[in-house]
Amino acid sequence: MDDKDKKPAKRTFVALVGLDYMAGGKPVRVEAGKKADGIPARSIPWLIEQGLIKEAK
Amino acid sequence: MPSFTHGKEASVLTNGYDMSAYLSSVTVAGEAEVAEVTTLGADDKAYIPGLRDATLSTEGFYAGGTGDIDEVLAARLGTQTVWTVVMQADAVGALAYGARVIDTSYEVGAELGGAVAVTIEGQMTGGREAARVLHALGSETATGTGASVDNSASTANGLSAYLHVTAASGTTPTLDVKVQHSADDATWADLATFAQVTSANGYERIAVTGTVNRYIRAQFTLGGTSPDFTFHLAAARL
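From first to last, the protein sequence lines stand for chains S and R. If you read the first sequence in this note's numbering, its first letter stands for residue 31, the second for the next number, and so on. If you read the second sequence in this note's numbering, its first letter stands for residue 403, the second for the next number, and so on.
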């Protein structure tokens, strides 16, 4: 299988401040220090840049 | 044509009380000092900017009952208080002024043929802060968020926020209020968190430093049994 056929690895994040967003049509509230699943893709760059989330190891 | 505002639309909150029903006028005044730097040989005086200053003055009508204007304001003379003045209809996004004010004068006067009047003067400390309303004065009975306010761009110098809680009811009610910000109006990050409020007449000014993204909004969490809080929230980009 070519690399282009592989699905991108799912990225998981940890919230460094409290976050609110919609995931799967439902409101999600994540407290600081907790795992944040389903963050809208368009929000991830600015959240990382501002140090509001970090990628989970 | 500009959209003018009638004076009747203004509202005034201080230390968790809505004083609008007692007041007939409010003035938020700002001025700036200058220092003269005129030198020999000059034909015209020259100045450089100095410090800004701001004051608040209000006039209204006396009422002496529990929670009325006299009880709220007379005892505060010489103390620092928290004020929010909205100079247009109170709604999310409306312009407001927030300030920490030392109440410097409280006068009560009666004249034959007129209503007993009150006058309040205050000296702002830390300047007047141009804010936007994030939650107009009104009741909430469930956890929620306010509409977002778009500043068109982010800012870098922090934010101050003013909360006044004018009424509370329920069994062991709690109210937690935050200001949230967002770069895309989709994901919201906590920016400033007020101390939990459990009763009426709570108030607080809080300030944070750093980046404030393009959009801001109120987020409020209610707890207890049948909670009902009436509150106002405004925030100023610094």
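Honestly, the hints are just simulated from the structure, not real lab data. If you're wondering where the values come from, they're calculated on a predicted model, not measured in any experiment. Quick reminder that beta carbons are idealized off the backbone N, C-alpha and C, glycines included. Take the hints with a grain of salt, since some may be wrong.
As the list claims (entries may be wrong) - Across the chosen pairs, the derived CB separations fall in these ranges:
| id | chain 1 | residue 1 | chain 2 | residue 2 | range |
| --- | --- | --- | --- | --- | --- |
| 1 | S | PRO70 | R | LEU479 | 48 to 56 Å |
| 2 | R | THR627 | S | ALA53 | 25 to 33 Å |
| 3 | S | ILE78 | R | GLY625 | 48 to 56 Å |
Claimed, not checked - Going by beta-carbon spacing under 7 Å, a handful of chain R positions derived as facing chain S:
| id | residue |
| --- | --- |
| 4 | ASP587 |
| 5 | ALA588 |
| 6 | TRP590 |
What the hints assert, rightly or not - Facing chain R, according to a computed beta carbon distance under 8 Å, are these residues of chain S, among others:
| id | residue |
| --- | --- |
| 7 | PHE43 |
| 8 | VAL47 |
| 9 | LEU49 |
| 10 | ASP50 |
| 11 | TYR51 |
| 12 | GLY54 |
| 13 | ILE69 |
| 14 | ARG72 |
| 15 | SER73 |
| 16 | GLN80 |
Verification of the hints:
1. Distance hint for PRO70/S and LEU479/R: a CB-CB separation of about 52 Å, consistent with the stated range 48 to 56 Å.
2. For the pair THR627/R and ALA53/S, the supplied restraint of 25 to 33 Å holds, since their beta-carbon distance comes to about 30 Å.
3. The beta-carbon spacing between ILE78/S and GLY625/R, approximately 32 Å, falls outside the hinted interval of 48 to 56 Å.
4. Hint on ASP587/R is violated. Least Cβ distance to chain S is approximately 10 Å, over the 7 Å limit.
5. Interface restraint check: ALA588/R against chain S, minimum CB-CB distance 5 Å, threshold 7 Å, status holds.
6. With 7 Å as the threshold, the beta carbon of TRP590/R comes within range of chain S, its nearest partner Cβ sitting at about 4 Å, so the hint holds.
7. At a threshold of 8 Å, the smallest CB-CB gap from PHE43/S to chain R is about 11 Å, leaving the interface hint violated.
8. Taking 8 Å as the C-beta contact cut-off toward chain R, the hint placing VAL47/S at the interface holds, the least distance being around 5 Å.
9. The criterion of a C-beta within 8 Å of any C-beta in chain R is met by LEU49/S, whose closest approach is roughly 6 Å, and the hint holds.
10. With a least beta-carbon distance of about 4 Å to chain R, the hint placing ASP50/S at the interface is held under the 8 Å criterion.
11. This hint holds: TYR51/S has a C-beta 4 Å from the nearest C-beta of chain R, less than the 8 Å allowed.
12. Taking 8 Å as the C-beta cut-off, the interface hint given for GLY54/S is violated, the closest approach to chain R being about 14 Å.
13. Evaluation of the ILE69/S hint against chain R yields a held restraint, the C-beta minimum of about 6 Å falling below 8 Å.
14. Look at ARG72/S: its Cβ gets to within about 6 Å of chain R, closer than 8 Å, so that hint holds up.
15. With a cut of 8 Å, the hint placing SER73/S at the interface with chain R holds, because the nearest CB-to-CB distance is about 4 Å.
16. Satisfaction of the interface hint for GLN80/S is found here, the shortest Cβ-Cβ separation to chain R being roughly 6 Å, below the 8 Å cut-off.
The structure is inconsistent with the numbered hints 3, 4, 7 and 12, although it conforms to all the rest.
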